[in-house]
Every structure is written in C-alpha cells, then in structure tokens.
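Chemist: The lines below spell out each chain.
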Amino acid sequence: MNKSSSNTMALTPNTSNKRETVCIFGTGDFGRALGHKMIQSGYAVVYGSRSTQISNLIPKDAEVLGHAEAAQKAAVIIIAIQRQHYNFLTPLAEALHGKVLVDISNNLKLNQHPESNAEYLAQLLPGSKVVKAFNTVSAWALQSGTLDASRQVFVCGDDVEAKQMVMNIVRALGLTPLDKGSLLAAQEIENYPLQLFPMWKFPIFLSLGLAAFFFFYCVALDIIYTYIYENNNFSFFIAITIPNRVCPVMALILLALVYLPGIFAAIIQLHRGTKYRRFPDWLDKWMLCRKQLGLIALAFASLHAVFTLVSPLRAFVRWRISKGIISQALNNKTEPLNNTNAWLSDSYLALGILGYFLFVLLGITSLPSVSNNVNWREFRFVQSKLGYLALILCTAHTLVYGGKWFLSPSAYKWYLPNIYILSLIVPCAVLVVKFVLILPCIDKPLTQIRQGWERNPKYSE
Amino acid sequence: MNKSSSNTMALTPNTSNKRETVCIFGTGDFGRALGHKMIQSGYAVVYGSRSTQISNLIPKDAEVLGHAEAAQKAAVIIIAIQRQHYNFLTPLAEALHGKVLVDISNNLKLNQHPESNAEYLAQLLPGSKVVKAFNTVSAWALQSGTLDASRQVFVCGDDVEAKQMVMNIVRALGLTPLDKGSLLAAQEIENYPLQLFPMWKFPIFLSLGLAAFFFFYCVALDIIYTYIYENNNFSFFIAITIPNRVCPVMALILLALVYLPGIFAAIIQLHRGTKYRRFPDWLDKWMLCRKQLGLIALAFASLHAVFTLVSPLRAFVRWRISKGIISQALNNKTEPLNNTNAWLSDSYLALGILGYFLFVLLGITSLPSVSNNVNWREFRFVQSKLGYLALILCTAHTLVYGGKWFLSPSAYKWYLPNIYILSLIVPCAVLVVKFVLILPCIDKPLTQIRQGWERNPKYSE
Amino acid sequence: MNKSSSNTMALTPNTSNKRETVCIFGTGDFGRALGHKMIQSGYAVVYGSRSTQISNLIPKDAEVLGHAEAAQKAAVIIIAIQRQHYNFLTPLAEALHGKVLVDISNNLKLNQHPESNAEYLAQLLPGSKVVKAFNTVSAWALQSGTLDASRQVFVCGDDVEAKQMVMNIVRALGLTPLDKGSLLAAQEIENYPLQLFPMWKFPIFLSLGLAAFFFFYCVALDIIYTYIYENNNFSFFIAITIPNRVCPVMALILLALVYLPGIFAAIIQLHRGTKYRRFPDWLDKWMLCRKQLGLIALAFASLHAVFTLVSPLRAFVRWRISKGIISQALNNKTEPLNNTNAWLSDSYLALGILGYFLFVLLGITSLPSVSNNVNWREFRFVQSKLGYLALILCTAHTLVYGGKWFLSPSAYKWYLPNIYILSLIVPCAVLVVKFVLILPCIDKPLTQIRQGWERNPKYSE
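Residue numbers (our numbering), protein chains in the order written: chain A, 1 to 461; chain B, 1 to 461; chain C, 1 to 461.
Worth flagging that the hints you see were computed from the coordinates, not collected in a lab. Note that the Cβ used here is the ideal one computed from N, Cα and C, for glycine as well. Among these hints, one or two may not hold up.
As the list claims (entries may be wrong) - Computed cross-link-like contacts, DSS-like style, restricted to lysine-lysine with a CA-CA straight-line distance of at most 25 angstroms:
(1) A/Lys333 - C/Lys333
(2) C/Lys385 - B/Lys385
(3) C/Lys385 - A/Lys291
(4) A/Lys323 - B/Lys434
To be verified - Partial list, derived from the structure: chain A residues whose beta carbon lies under 10 angstroms from chain B:
(5) Thr21
(6) Ala342
(7) Leu437
(8) Leu439
To be verified - Per the computed footprint, the stretches of chain B lying under chain A, defined by three or more beta-carbons under 8 angstroms from a beta-carbon of chain A, are:
(9) 269-276
(10) 296-305
Required output: the full structure, derived from the provided sequences and hints.
Modeler: Here it is in structure tokens:
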C-alpha cells in the first residue's frame with residue numbers, strides 16, 4: 001500500500017505533497033539504504049560527502065555535495081558516519097548550528113564508551129539538536145523492505161521539536177517511532193541491538209545444565225543398570241522414555257525456582273525487619289528472571305505432555321501392552337478391574353492436566369500484549385494465586401504418580417533415588433515454607449514491613 | 001541496562017546530563033519509593049514535609065524542606081498524600097501557582113467520591129496544572145525493580161505541556177506513559193487499579209454454576225445410578241470421565257451463548273424497525289462479555305481435548321480394551337471391521353478436531369496484539385464467519401458422537417436425558433434462528449435497519 | 001467504567017468539566033453514531049445540515065443548524081459527507097478558514113481516486129487544517145459500544161496542533177489514536193479498512209490448491225487403488241487417515257517454501273555481485289509473505305499432531321491392533337520386542353515432537369507483541385537459526401518415518417511415488433543448497449555483498 005501510494009505521489013504534480021529535503025552525511029551502506037528508502041517515501045535526499053564525485057552506488061535521485069553545502073539544504077541531517085570520525089564535524093559547527101542531527105550509530109559491544117555516541121556528538125556540537133534514532137533498524141531490512149522484525153524505532157533527544165521532526169520521518173518510512181525521552185536514554189538505545197536475549201542467558205544455561213545432569217542420571221539408572229544386571233538392551237529409551245522423565249522433573253523444579261526467590265525475599269525482610277535495604281545481588285537477579293524461568297518450565301511441561309500423549313503410538317508400548325493381554329488370554333482368564341489402580345491413574349492424570357492448564361494460563365498472561373491489559377492487582381492474582389495453585393497441582397501429580405514407589409526397593413538402583421524423588425525436594429520445600437509464611441502470625445508483620453513499617457529503624461541507615 | 005547507564009551518568013561530570021529537581025509532598029511509603037527510583041534515574045529530589053527533621057527512611061540523597069520551600073525548588077510537585085488531607089494545600093496556593101501537581105492517589109473503592117481525586121485537587125488549586133499519573137504502579141514494584149506487570153503509566157491532564165513533563169519523568173523511570181487525554185479521564189484511571197477482572201466476573205460465575213450443575217447431574221446418572229442398579233463402583237469416574245463429559249457440554253453451550261445475544265439483537269431490531277433505540281440492559285451487558293464467554297468456552301474445549309487424548313493412558317480404558325480383546329481371543333474369533341463404526345468414529349473425531357482448530361484460531365485473534373493488527377472487516381470475518389463455522393462443526397461433532405443414543409432407552413436413566421442431549425438445545429436453536437435470519441427476505445430489511453433506515457420513525461423519539 | 005464516569009459528569013454542575021463543542025457536517029448514519037457517542041462522552045454537538053428541521057434520528061441533545069452557522073460554533077468540524085459532495089464545501093471556504101476539518105470518509109475500492117479523499121479536501125479548502133481520522137471505526141460498533149475489534153484510530157494530518165485536538169477527541173471516546181504522520185498517509189489509511197487479509201490471499205490459495213492436489217492423489221492411491229485391486233472399502237479414510245497424510249506433507253513443503261526465497265535471493269545476489277538491484281517482483285512478493293506461509297505451515301503441522309494423537313481412539317486403529325493381538329494369542333506365541341522397530345518408532349516420534357516444538361516457538365515469536373519486544377539480532381536468531389533447525393528436524397522426521405518404504409515396491413502403486421516422497425523434494429533441496437551457501441568460500445563473498453561491496457559496479461547503473 002505504502003509503495004503504491006508513494007508511486008501515485010511521484011506522478012502527482014502537486015508540489016505540496018513533496019516532502020522536505022533530508023541531508024545524509026556519509027555514503028556508507030546504511031546511509032545509502034536509508035537514502036533509498038527516503039526517496040521512495042517522497043523525500044528529497046542530499047548526501048554530504050568528502051568526494052562529491054557521484055558514485056553509482058548512491059541512489060540516482062539523490063544529490064551529492066560537500067558537507068557544508070549539503071547541510072545548508074536541509075533542517076535534518078542524518079549522521080551516517082562512525083563515532084571515531086565525529087571529530088571532523090567540529091569545524092562544521094557553524095554550518096550545523098540549530099540543525100537537527102540524527103545519530104544512527106551503533107557500537108560493537110555493550111557500554112563500549114563512557115558516554116553514548118549521541119551524547120558525545122551533542123558535546124562536540126552544543127549548538128545542534130541531537131536526536132538518537134534508527135540504530136535498531138538493519139540496512140538489509142530497510143533495503144529489502146522485508147521488515148519482519150520489529151518496526152519500532154527508538155527515538156530520544158533533549159529537544160522536543162527536533163524529536164518530533166525525526167519521528168515524522170520515521171513514520172513516513174512506514175516504521176513506528178517510540179519516544180524514549182531525553183538523550184540520557186541513548187546509551188540504553190545503543191546497547192539494545194547488541195543484546196541477544198540477555199534475560200534468558202542464565203535461565204537457559206541453568207536449565208540446560210540441570211537437564212543434562214538428569215539425562216545422564218537416567219541413562220545410568222534406566223539403560224546401563226538394566227543392561228548390566230538384567231541384560232536388557234533398552235538403548236532406545238534415550239529417544240522418548242528418558243526425555244519424558246527429564247522434562248517433568250525440569251518443569252517441576254523450574255516452576256518451584258520461580259517461587260523460591262519470593263520466599264527468600266520474605267524471609268530476608270522478616271529477618272531485617274525492613275524493606276528499605278537492597279536484597280543481595282544474586283536474589284535481585286534471580287527475581288528479575290522469574291518470568292524466563294517460568295516460561296522454560298512451561299516448555300518442559302509441554303514437551304512432557306506431548307511425550308506422554310504419543311506413548312500409545314510407540315512400538316515399545318504397544319508391544320508391552322499386547323504382551324500383557326496375550327499372557328492373560330493364554331492363561332485363559334481376565335483380570336478384574338483394580339479400583340485402586342483406576343483411581344490412582346485417573347487422579348494423577350487429572351491433577352497433571354489441571355496443573356498444566358493453569359500453567360498455560362500463566363504463560364498466556366505473560367505475553368506482553370496481555371500483561372499490558374491487566375492491572376497490578378490482576379497480575380498479582382494470576383501470577384501469585386494461580387501460580388501457587390499450579391505448583392500445588394503439579395507437585396500432587398508427581399506425588400500421586402510416584403507415591404507407590406517411594407518405599408519400593410526397586411526404586412533405589414545402586415542406592416540412588418529415582419529422579420522424581422529428587423524433583424520433589426524443591427517444590428515441597430517451597431510449598432511448606434510458603435504455608436508457614438501465610439500463617440497469620442507471620443503474614444501480619446510481613447505485610448506491615450511491605451507497607452513501609454520498620455522494626456528497627458537503625459538498619460535503614 | 002537502565003541501571004548501568006544511570007551509574008555511568010553519576011560518574012560523568014557533565015552537568016547537562018543531570019536531570020531537573022522534582023519535589024515530593026509527603027513521606028509515606030509510595031512517596032519514598034518514588035523518590036528512591038527518581039534518584040536512581042538521575043533526578044534531584046526534594047521532599048516537602050511538615051517536620052523537616054531528616055528521617056532515615058527517606059532516601060539519603062534527598063533533601064527535606066517545608067512544603068513552601070520545597071515547592072519553590074521544582075516545577076513538578078508530586079502530591080503523595082491522601083485525598084482527605086488535600087485541604088491543607090489550599091494555604092499553599094500561591095507557592096503552587098503555575099506548578100505541575102501530579103496526583104498519584106488511589107481510592108479504596110470504585111467511584112468513591114463524586115469527582116475524581118485529581119479533579120478535586122484541580123478545583124482546590126485552580127492556579128496549578130494538575131496531572132494524574134503513577135496511581136497504577138505499586139510501591140513494592142517500584143522499590144524492588146521487578147516490574148513484571150504492566151509498565152504502562154496512565155497519564156491525563158488538561159495542560160498539554162504539564163502532561164509532557166510528567167510523561168518525560170515516567171519514561172526516565174523506565175516506564176511507558178500512556179496519554180489518556182484530559183483530566184476527565186482521571187476517574188477512570190483511579191478506578192482502574194481497583195478492578196479485578198470486572199468483565200470476567202459474570203462469565204466465570206455463570207460457567208462455574210453451569211459446570212457444577214452438569215457435574216452433579218453426571219455424578220447422579222453415571223455413578224449413583226450405576227451403583228444402585230448395577231452395583232458397580234465407578235466412583236473414580238469423577239476424576240476424568242465426568243469432567244470429560246462436562247467440559248465439552250460447557251464448551252458447546254458457552255460458544256452458543258456467544259452468538260445468542262447477536263440473534264436477540266437482530267430480532268429486537270427487526271421487531272422495532274430501528275437501530276436507534278438502546279437494547280435492554282441485560283442484552284448490552286451480555287454483548288460486552290461475549291469475548292470472555294468465548295475464551296472460557298475455549299478453555300473448556302481445551303480441557304475436553306486433553307482429557308480425551310489421555311484416555312488411552314487410563315488404567316480403566318486399558319482394562320476395558322484388553323477385556324474385549326481377551327474375550328474375542330477366548331471365543332476363538334476375530335470380529336471383522338465394522339465399516340459404519342469406522343465412519344462414525346472417524347467423522348466425529350475429524351469434526352471435533354476441525355471445530356477445535358477454528359476455535360483456537362478465534363482465540364488467537366482475540367489476543368490484544370493480534371486484534372489490533374486486523375481491521376474491522378477482517379475482525380468481523382474471523383469472529384462471525386469462522387465463529388459460526390466452528391459452532392456448526394462442534395454441534396455436528398456432538399450430533400455424530402451421540403446420534404445413535406438419542407433413541408436408545410439406556411440413555412434415559414431415571415427418565416432424565418443424557419447431558420449431551422441437553423447441550424445441543426442452545427446451539428441448535430442458535431443455528432436454526434441464524435439460518436432463518438440470513439434468508440434474503442429477512443436479511444435485507446435487517447441490513448437496511450443497520451445502515452440507519454427506520455421503518456417507523458416515531459419509535460426513535 | 002467510562003460510561004459510569006461520564007454519567008457522573010453529566011450530573012456534576014461544574015462547567016469546567018464540560019468538553020468543548022464539536023460540529024458535524026452531515027446527518028448520515030456515521031455522523032449520527034459519532035454524535036451520539038460524543039454526547040455520551042460529554043461533548044456538545046452541533047450538526048450542520050441543509051435542512052435545519054430537526055429530524056428525530058438525530059441525538060436529541062444535539063443542535064441542528066445551517067452549515068455556516070454550525071461551523072462558527074466549533075473549532076473542530078467533522079465532515080461526515082461523501083467525497084462526491086465535497087465540492088459544495090468550497091462556498092463555505094471562508095467560514096471554514098482556520099478550522100480543523102476531520103475527514104472520516106472511506107472509499108469503495110482500493111486506490112479509487114488518484115489522491116486520497118483527505119488530500120482532495122485539503123486542496124479544495126487550503127485555508128483549513130485537514131485531519132484524517134475515524135474512518136477505520138464502524139458506525140455499528142460506535143453505536144452499540146461493543147468495540148471488540150481494534151480500538152485504534154489512525155490519525156494523520158499536516159498540522160500538529162489540529163492533529164492533537166482530534167487525538168484528544170479520539171481518546172475521550174475511549175479509543176486509542178495512532179499518529180500516522182502527515183496527510184500523505186491518508187491514502188494508506190483510506191485503503192486500510194477495505195483490505196481483507198491482503199498478505200494472506202496468495203499463501204492461502206497456494207496451500208488450498210496444493211492440499212487439494214495431495215488429497216485427491218491420496219484418495220486415488222489409498223482408497224480407489226485398494227478398492228480396485230484389493231477389494232477393500234476404506235472410504236472412511238477420507239475423514240482422518242488421508243487428512244493426516246496431507247497435513248504433514250503440506251506443513252513440510254510450506255515450511256521449506258519459507259526458506260526457499262532466501263536461497264534464491266542469495267543466489268541472485270551472488271550471480272549479480274551486488275545487492276543494489278531490485279529482486280524480480282515474484283521474489284519480492286514471495287519474501288513478503290514468508291511469515292504467512294510459515295503460520296499456515298504451523299496450522300497444518302498442528303492438525304497433523306492432533307490427527308496423530310487421536311489415532312488410538314479410532315475404531316479402525318483399535319480393530320487393527322486387536323486383530324494383531326488376537327492372531328498372536330490364537331497362534332499361542334508372543335512376538336519378542338523388535339529393537340530396531342522400537343528405535344525407529346521412538347526416533348521419528350521424538351524428531352517430530354522436537355521439530356514441532358521449535359515450530360511453535362517460531363509461531364509465538366511472530367505474534368506482534370512478542371516480535372516488538374525482540375531486537376533485530378534476536379529475531380534473526382530465532383527465525384533463521386531455529387527455523388532451519390526446525391526444518392532439519394521435520395525433514396529427518398519424515399525420512400526416518402518413511403525410510404524403509406523408499407525401496408519397497410508397494411510404495412509405488414500405479415508407478416506413482418507415495419506422497420511423503422514428493423514432500424521431501426523441496427525441503428531436501430533447500431537444505432542442500434543452504435549447506436552449500438554456508439561453506440566459507442561462498443559465505444564470505446555473500447556477506448561482503450550484503451555489506452555493500454560490489455563485484456562489478458557497472459551493474460548498479
């Protein structure tokens with residue numbers, strides 16, 4: 001649509017439709033890509049360059065002039081050059097006075113310089129109005145028009161009007177500007193495109209490590225032990241059987257780890273008698289990645305659900321079931337329905353289904369567009385009340401499933417406990433301590449502390 | 001990121017980077033939490049307080065002065081005191097003249113006062129520019145930095161520049177301001193954090209009530225009846241078998257209830273011959289909670305899907321299947337494939353799968369971020385066309401599944417119909433009436449009415 | 001909430017709360033609906049009409065005057081008349097001088113006129129400030145208050161203040177204004193409500209066509225062939241068995257088609273030695289609908305998953321399994337576990353589950369609210385790295401599943417290959433070429449080209 005409308009424009013003689021002229025300093029890749037896109041959107045583009053000889057890489061409708069001349073032609077100048085060459089702009093200070101300079105630069109690593117590139121530019125040219133923008137957009141995306149990823153362009157700057165002018169250009173290119181406030185936000189904006197899921201790193205490494213440990217633990221107990229002592233080759237267990245043991249264990253432990261830091265925080269606050277001291281750093285970080293831990297737990301739970309549901313399709317399971325049926329038929333008898341078994345099997349399935357259902361609800365609530373539409377009270381209700389209910393249901397699911405084997409010696413091959421026993425430690429601990437914390441005699445002082453009361457004001461020094 | 005950039009700032013001697021001074025009236029919990037956060041973000045904070053004695057609860061980089069003195073130091077004053085103490089600000093009217101006052105107060109219940117707190121403040125101090133903001137943020141979240149819930153801060157006010165100043169502060173604290181217009185919006189903003197899923201209450205209570213009714217109906221027919229007359233103890237049915245009967249019934253009825261109010265509206269409009277009279281209140285409310293009804297129906301349908309898929313894992317189902325196989329084997333014969341049965345079983349499964357698939361599509365389309373990206377025509381297409389298709393498929397799924405039992409006497413224990421017969425009443429009624437409504441002879445006048453035509457203009461008085 | 005607060009307002013004598021007067025030209029359906037809503041929200045509404053006789057369709061609190069008189073009463077005039085009658089506004093030019101005119105008109109087809117209605121209005125009345133707004137909202141939705149679809153109102157205009165005034169009205173009506181920049185955006189905004197999933201049309205027709213082809217191919221081979229040569233009536237296969245063959249084939253092919261245009265683009269760039277020439281049109285269009293292709297592939301994969309999971313519930317499958325068990329029992333022997341079979345069955349299930357899991361992750365990442373929260377680097381990582389991994393896993397799933405039949409003659413009924421052999425062609429080709437493209441000797445020049453280097457600058461003329 002955008003394209004066709006700009007084509008129409010190009011044909012219309014009406015000059016009032018012509019957008020203003022924009023100047024671009026620098027004819028590098030991003031400068032050219034941006035120029036192309038701007039010409040497409042109806043802007044006149046002037047490049048400021050050392051050599052004014054027209055390169056055929058530059059969009060053919062653009063003009064190329066010396067820096068000072070080019071700057072005179074436009075109110076907005078896009079600085080498509082690298083930070084280390086910013087010095088050469090100082091002699092142009094007069095030509096750039098009062099102009100809007102758009103800093104689009106990026107760094108190679110996080111917090112590379114003490115101040116952001118945009119702030120550095122603003123210090124070099126105090127008479128110009130520096131706006132940070134466009135650094136989160138890729139040249140390739142601009143060029144090819146396939147803006148699959150975010151169309152958001154973060155914009156910040158100290159001059160409101162300058163910012164508004166740049167935001168209008170952003171909109172005209174079919175992108176969505178997002179005002180991030182004053183130029184102080186530039187460092188954050190410059191760091192943004194360098195990140196690769198920073199909040200996810202620790203949770204992912206933690207869960208990969210734990211999952212690997214449990215995987216090899218199961219391989220040892222279920223394949224190697226069986227091979228040595230029972231001479232059965234169950235190596236194919238590593239495809240589904242063992243993943244389907246590791247996944248629920250991981251889901252349960254990670255879900256408990258989502259609620260554990262809240263428990264620690266409450267204990268620390270109760271102990272200190274104030275909420276006005278910072279938590280230890282590890283706890284702060286842990287609390288900030290609870291959402292990620294929860295979503296990884298949900299992924300493991302989903303895998304567990306699917307692995308379980310496919311089990312009737314597995315050749316091994318079909319063989320085992322038909323072996324049972326055939327042996328009954330050959331012995332000429334039909335076993336009656338074992339009511340206890342029916343109860344146990346139905347209850348752990350039902351508990352698991354309900355727990356998983358709540359878990360998925362929590363996951364949906366954490367989608368940005370959904371969580372933006374609930375208020376703080378609703379979010380607390382879902383994440384805290386329903387979250388604990390999910391934890392209780394999932395723990396009960398595991399307890400009912402494995403209950404009968406707790407005391408059975410076959411569950412302790414090589415004197416090691418089965419992994420579902422290991423998986424219950426953290427969730428049970430969390431649930432027990434949480435239960436203690438909501439006892440009125442403990443909940444009351446905690447609530448007071450969280451409302452700002454202090455037991456021992458000297459602490460808050 | 002934010003944190004590290006503000007740390008860098010603190011080290012930079014460049015004073016132009018220092019943000020302006022903000023004054024906070026009131027040293028209560030929220031005032032202190034906001035002050036802490038502002039100092040972290042580079043603002044200078046001055047507290048205005050009755051007792052200027054420095055309390056150690058107050059962030060140590062903040063200054064504490066008398067109200068009038070503190071007000072002089074800043075252009076923006078945050079009123080962190082409760083509405084009932086607003087009177088004491090009237091003597092300060094002169095000191096506050098021209099200042100931006102940020103009302104952050106909340107009420108204890110919805111529409112507690114005839115006018116919003118912010119409007120009340122604006123009436124008390126007509127010379128100041130009142131802006132409503134921050135009331136949806138929790139002190140605990142500000143303090144701990146764990147802003148898991150919405151980062152949106154609703155802002156409203158009559159003075160555009162004052163609003164802009166407050167929105168800049170909001171952005172600097174790492175939150176997202178959302179301009180809600182003039183101060184008239186304050187009442188709505190003050191009501192917002194008090195809500196606990198207001199649109200969900202009626203649908204949830206309705207579905208819990210209906211589900212409970214159907215649950216006990218099934219317990220009576222499937223467990224008690226069987227126990228009394230057949231002496232079988234099927235008590236374990238309450239874990240999965242009965243929930244898996246109640247869930248599909250609920251899903252089908254609630255889905256039909258989503259489309260029923262549209263049918264009523266059409267009939268009322270046809271009867272009245274105009275669209276310019278309000279619908280009865282109950283219909284208005286019903287129409288406003290259709291989305292919620294639909295999502296609850298989707299939840300029940302999902303539970304039904306999972307309960308059905310786990311059935312091959314249930315001890316009871318395995319026992320029943322192996323009993324059948326063993327009895328065939330003992331009788332030395334193999335039953336041939338019953339083609340009709342194969343057709344019936346495959347069709348109701350396929351119908352159910354397709355209906356559920358469309359249902360999930362409807363659910364995804366109702367996610368805020370997706371529905372914001374479709375236009376009105378697309379939304380109508382999905383919610384109306386695909387929605388009715390889903391209803392047709394799900395009704396057909398139930399009909400094919402239960403068809404053979406309609407006339408069977410065993411389906412009428414205690415002369416009561418089986419619940420899937422009950423579940424078909426509403427959806428079939430909706431589909432039949434809808435079919436009548438889309439007949440050209442009825443659709444044409446209805447379309448005219450909806451385009452503004454009136455049969456009988458006297459009605460619209 | 002909104003409603004109750006405006007009710008409260010209506011009762012409050014405080015006149016400062018009264019919003020300003022808005023004028024509406026035209027008493028058609030949309031003009032009346034908008035007037036109703038505005039009066040509800042506290043505005044005074046004056047209609048400008050040819051006949052000033054008060055029609056009882058018009059909201060009763062509104063005034064009706066001649067156009068010129070009505071225009072004098074308000075700063076904002078909503079032009080609720082059709083484009084073909086805009087001429088009659090020219091005599092009013094003086095009365096409308098300096099006023100904000102809100103163009104709310106829509107067209108009947110895309111790009112109906114050379115310039116947008118709003119631009120046409122601006123040309124007719126150069127002294128007025130034209131703002132485009134409200135055209136994406138439906139009268140029915142405004143009237144009934146059931147704004148289920150998007151609450152977004154696109155606003156554009158050349159005058160910033162005029163735009164701000166209109167955006168305030170939009171907010172006051174409970175809608176969300178979205179600033180789309182200058183009046184040049186009006187054409188796009190006018191086209192918006194006419195679209196019916198424009199990006200989805202080609203992918204949907206392509207996949208329906210392909211699916212129909214594969215469906216009839218399977219019907220021929222699995223039902224007709226079996227009926228003719230083996231005299232078995234497997235007509236019920238069209239409910240589940242054949243859909244469950246078509247769905248995975250479609251999912252795999254469409255997933256490969258998502259990555260194929262990227263492969264073509266790389267080859268074209270390598271051949272041309274530059275990135276500065278446009279791709280052929282078909283490739284451009286193909287690249288723009290990759291997201292849609294991927295989501296349709298995900299839908300097919302989900303149907304495949306569910307169709308597979310229900311198979312133990314199917315009468316046919318139960319019959320086939322019990323036939324096998326009974327024949328073993330009657331022959332008085334139990335087959336031992338076939339370890340190779342167990343391995344094959346578990347591996348293709350595990351590969352399919354993991355591939356589907358990644359596929360769902362890709363789908364979640366393409367939700368607008370999620371993709372807005374990832375930066376370009378993260379988006380590339382997910383869509384490219386994880387996407388290829390999903391393609392590899394799904395291809396391997398198909399290979400392991402069908403591997404043993406490749407050389408079996410029974411797989412070639414009527415000398416035609418089985419469809420899973422057909423389904424492997426595109427994905428295998430994509431994977432092989434991609435593997436070649438990431439070889440260092442080819443990847444290096446490609447990367448250089450994408451960074452702006454040119455092998456042969458004459459091309460870029």
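Chemist: Now tell me if each hint is right for this structure.
Modeler: Hints, verified against the model:
With a C-alpha separation of about 16 angstroms, the suggested pairing of lysine 333 of chain A with lysine 333 of chain C holds against the 25 angstroms cut-off. Annotation: proposed proximity of lysine 385 of chain C to lysine 385 of chain B is violated, straight-line Cα distance about 37 angstroms (limit 25 angstroms). Only pairs whose Cα atoms come within 25 angstroms are accepted, and lysine 385 of chain C paired with lysine 291 of chain A is accepted, the gap being roughly 24 angstroms. Taken as a hint, the lysine 323 of chain A and lysine 434 of chain B pair is broken in the structure, with Cα atoms around 54 angstroms apart against an allowance of 25 angstroms.
Annotation: threonine 21 of chain A was flagged as interfacial toward chain B, and the flag is violated, the nearest CB pair being 28 angstroms apart, outside 10 angstroms. The restraint placing alanine 342 of chain A at the interface with chain B holds, with a minimum CB-CB distance near 5 angstroms, inside the 10 angstroms limit. Residue-level restraint check for leucine 437 of chain A is violated (minimum Cβ-Cβ distance to chain B is 16 angstroms; threshold 10 angstroms). At about 21 angstroms, the closest approach between the beta carbon of leucine 439 of chain A and any beta carbon in chain B exceeds 10 angstroms, and the interface hint on this residue is violated.
Counting residues of the segment 269-276 of chain B whose beta-carbon sits less than 8 angstroms from any beta-carbon of chain A gives 0, not enough to reach three: the coverage restraint is violated. Against chain A, the segment 296-305 of chain B contributes 3 residues with a C-beta closer than 8 angstroms to a partner C-beta. That satisfies the three-residue criterion, and the hint holds.
In summary, the numbered hints that this structure violates are 2, 4, 5, 7, 8 and 9.
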